[in-house]
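K.L.:
Protein sequences, first through last, are from chains A and B. All letters in the first sequence, in the order written, are residues 1 to 339 by this note's numbering. All letters in the second sequence, in the order written, are residues 1 to 327 by this note's numbering.
For the record, the hints were derived by calculation from the structure and aren't laboratory data. Heads up, some of the hints might be wrong.
A few chain A residues that face chain B, going by a derived Cβ cut-off under 10 Å, partial list only [what the hints assert, rightly or not]:
id: 1; residue: L88
id: 2; residue: A105
id: 3; residue: A111
id: 4; residue: R125
id: 5; residue: P147
id: 6; residue: G332
Ideal Cβ placement from N, Cα and C applies to all residues, glycine included.
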Amino acid sequence: MPAPIRHNPSGRTDAHGAPPVRGMKRLRRARMALARRIAGPHAHVSTRPDGRERRVFFLRGAPRSGTNWAAALLNLHPKVICEGEFHLENFIEVAQRHVAAEHHATSHEPARAELLAGVEDLVERTIRAGLALSPGAEWVGDRTPRPVRELIAGAPIIWMCRDGRDVLVSWMYHLLRTNAPKIGGAERMKGAFGDDYDAYKRDPSHFNVYPEHLLGDETLVRELSRTWGEHIRNDLDALDRIGRDAPTLKVRYEDLLADTEARRTRMYELLGLDPGEARPIGRRDRTAPGFDEKPGSFYRKGEAGDWKHYFVNDDARRWFAEEAGAALVELGYERSTDW
Amino acid sequence: MSSTLAVKRPNDTMPIRGLIPKRTPAARGEGDQCAQGERRQVFFLRGHPRSGTNWAGNLLNLHPKILVLGEFHLEAVSKGIERCVSEPWHVTHDPAVKALIEQRFGEMVEEVILTQAAHKPGATWIGDRTPREIRFMAPGAPHILMMRDPRDVLVSYTFHQMTVLADEIRRPAFWEHMRADAEAHRDDPEHFLKHPQRLLRHGPWVRFVMRCWGMRLDEDREAMQKAEADPSVGSVLLVRYEDLHADTDRTRAEMYRFLGLDPSEGEPLSPETATTPGFAREDPTSQQRKGMVGDWRTNANDNTVRIIKEELGDALIELGYEKDTNW
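If we strip away everything but chain B, and leave its shape as in the complex, we get (with noise of 0.2 Å):
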């Protein structure tokens, strides 16, 4: 495995899985009042694409103190206030002037993600969802990390840029080699079902993707090894899909808990808020494809796994989703 995806193993405490320390909403400044009168606070639901972001957000929207929309994205102003405020030239290098546009911008990303508290009145957290990194922007939020086998998100993915022709897929290296299954699932929307082994047939693609999860996967860790060692910047909550799939009540509660709240207000699950784990039916062009777990065996060929396996072998079984890499 290139030693750019090393996967950091902060130490041997650390937990993969559960809690990172938990943020007290009584810590958190001042913010807006629901309709209750209960003060409101904003969260974060983090994620790679194709990780369950989407369900996780539904589920929390079924408490009626918590709304989560997407997705707002502020990242990138993040890495503009950043790229503003690195280089010793800049006046706004200047400690004062630094910490000035640091605190306002949390503040600004507060009061934007605040805006929508008006499409629910009575809750007292309101999430972004976006599919990104986590990247503390208000200071002392918790977060709440998606995370799924790579390999199902490989092919969630794959299938996702096929349906809708994103930029990613459509680079050169890539299209040059893919255009024509791609235009072939257009055509026909069960060609992958019917042709399993062509979604991944392309190497450099399954390298590109796995490559970037891993990538991913150690600025989540970085985060969380850094909310660890300090709480005030911000809390995180790992959540696997797979946990999701086998119990969703008792792992949403466990997102309800998390920010405090109490699981028995949360609504059930229903297919109508599509909240129930799965899909009714396959619809390969669907946002909401399959949602299976360990699907990623019906489009796998061996050179699609001996790619995975340099590129995240040591991650799979550091994270418990292999016990060695004879899979």
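In isolation and in its complexed conformation, chain A is listed as follows (with noise of 0.2 Å):
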């Protein structure tokens, strides 16, 4: 069992551990005014028939740490939707940049003000449109697999945490699966696996044949440990600074696998939601443990610890541990990078 989930300030200066860079405290205090601004609405975002509020949360985490289950498993409450990505961060960051730049006519009055107004009302609106797909629901759950950042203070944030060489794995088989559209596309997948990836798209049980050679790539096993080590650090960071004031639940993906019920009810409760009246989980609709395997499927295998099978050789341990060896000491998955 993994020890608990501790973060130790370790000195640095921002999120990503960089120097200071010039604005950051005015970006920071604007972030803040927005999320403040955005927080009225946020706990009120419109009111039922029946006089009660609808409120919004966040669940977040690193790509492939679960999040698509956590948020299966939330919505089988009754007064929980958690459908999908709003990525409202696209506006509400540029917003906070934006009026933090002070070149910019919008980073002075009134211009400002109308321009936070506006993004408020914009963030309203547009849960309110999401929250219109299911009228019974209390609270409105924005799963989107990006760092956490002060978007709408106060509102709570589940984090899903797994430990990253799963992660990896499983996002080399999603990115073989999909053909890696954002990061170079099937050349880039050709380049990187060679034979390998017209044998995986022939049969994509092919890794399990060969599992030394997913992750063979120094390149892409660096960049995606990178990645996810630098998404840890970040979400740390910003959980521990956004838990002063809105609640926060960090949940790992091997215990939810290990006691999926005590998990759930956690998060439940973390939305004042009474786990009785919760659906049972259940295989059809995606929210027991584990899957059958798939391996060319969106919903692959599900497993924790399956990362032994395919870190055979020393090479990918090394590349992992030197980009992201800390941020798996940091969250207790190893007592150190020598592993």
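Fit the two chains together into the complex; they arrive one by one in their own frames, and the hints show the way.
P.N.:
Spelled out as structure tokens, the structure:
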């Protein structure tokens, strides 16, 4: 059983450990200002005919960390709707940066206030439109696999994490399946995997036979490992910050696998809901732990510790450890980077 | 010329210069009201940096019913909205949610720009001057697009980058080769007056600026086609810097009329309002450095000319800046 998640501040100056950047304080203030402004409508996005409020929460985590599964579990409760990705950060963050840029007209009043109010209204209307999909819900969840940010002050955050090595394996399969449109497409996949790419396309279980080939491309392994590590470092810092003003719950994928009922109960309780009202878990709606293995599917395997089958050579271990070993230790999955 | 820079000629009848279908003020939605009770509306002043958008803004501000200020840069938020609604798996891609977001964003853009109205209570047109490509953000709004000979843009843009040491010129690939001249320019503002051929001597920089200009031209051309096909998205008036220079009063009158205003109400040009063509004397470190037409010849060498021809030779002919590539 991994050690409890701990966050040990290391004296870094920002979420990524970078030295101070000019304007960061101003940006942080702008972020918090907008988050607070949005907090009003968030807490009372709209009122149902029976007078009860609808609220927003965020379900976050690095890609391939079980956010889809967690959303499915949350949706078993009749008062929750967590159907998909709003990606509100696309314009909230831009607006936050915008009002912080001194050479922009929108960094000065009254344009600044108008822009913030406009974004606030936009967020409210967007969430309200999303809520229309499920009139009975009291909580609407935004499940977006993006880093944790101060988007709506006070909104609860359920954060999923998973052993980065399992994430890496799952991510590799995902990229092979989807042809990695955002990081170079099929050409890059062919370049990284060589003959194994065609073999996988012919037979999605190819890497079960040649597991050592899945993590053979140093550039890709390092890139994904680094992305995961940076995501974790950002999220732990952000949760530490946001957790002072908003309810947050960190959920390990492995704990959810080990005791799904106990963990989903905690998720409902975070939202102030009665776990007794939730429907039972089941295979049909993909809420039961794990899957029958389907190597070519979005829901491939869902196992914990599957990485051991693929990290069979020292190179892959070293690449991962160098890029993301610290995050693995910080999350308590290992005691050191020597594993 | 690279295929990515191909200048798209929409059809034989589309004017390269002049008016794209006008949008009548009556077609616009309700806006704020000016001191005289007339409805306030927004417009956009656009163009590549160093194409005369500041000068055009000053000229527009001579009219009592126009206020144009900069720079709002709302295109950055617009791109965020686009990313938000673009992916099929986003909740925000749902047609109803997407339509709501886009409509509300358009309203927000107008509201933000109209916040400036208090600076000129009599103004009925409130404008955003941002030196960027056209991006239709407020449905139906007019856009004035400034265009200038890209070779003059290149000279002016390079001077500006050298003066403020902006991010682009400080990219390692350029900075390594241009740093010495940038520092010499900082220490002696007359450095490039004494050594004019040093300004554009780094070929990759010349190619970079010209390629970006060509890409911007393609984006603006596409926007103009879009406005021509569907005036409800907006309208575009193309204004050449050179025309403004040659006959400032006639060209500014065209801009006023584009907004449905009486040109005779505009205040006269004056050096105090920085509205007369060119500047009294060259100031190599000023935002308003020289303001000349055809000044690029002073700074270009054979290599510069070759690169520009490779990047924009056809475009210069199509836009009427050259008859052929023998220049």
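K.L.:
Take the hints in turn and mark each one as holding or not.
P.N.:
Going down the list of hints, with the structure as the test:
Here the hint on A/L88 is kept, as its CB sits about 7 Å from the closest CB of chain B, short of 10 Å. Satisfaction of the interface hint for A/A105 is found here, the shortest Cβ-Cβ separation to chain B being roughly 5 Å, below the 10 Å cut-off. Taking 10 Å as the C-beta cut-off, the interface hint given for A/A111 holds, the closest approach to chain B being about 5 Å. A distance limit of 10 Å between C-beta atoms decides the matter here; for A/R125 the minimum to chain B is near 6 Å, and the interface restraint holds.
Because the beta carbon of A/P147 sits about 15 Å from the nearest beta carbon in chain B, more than 10 Å, this interface hint is broken. For A/G332, the shortest C-beta to C-beta distance to chain B is roughly 32 Å, which exceeds 10 Å, and the interface hint is violated.
Checked against the numbered hints above, the structure breaks hints 5 and 6 and satisfies the rest.
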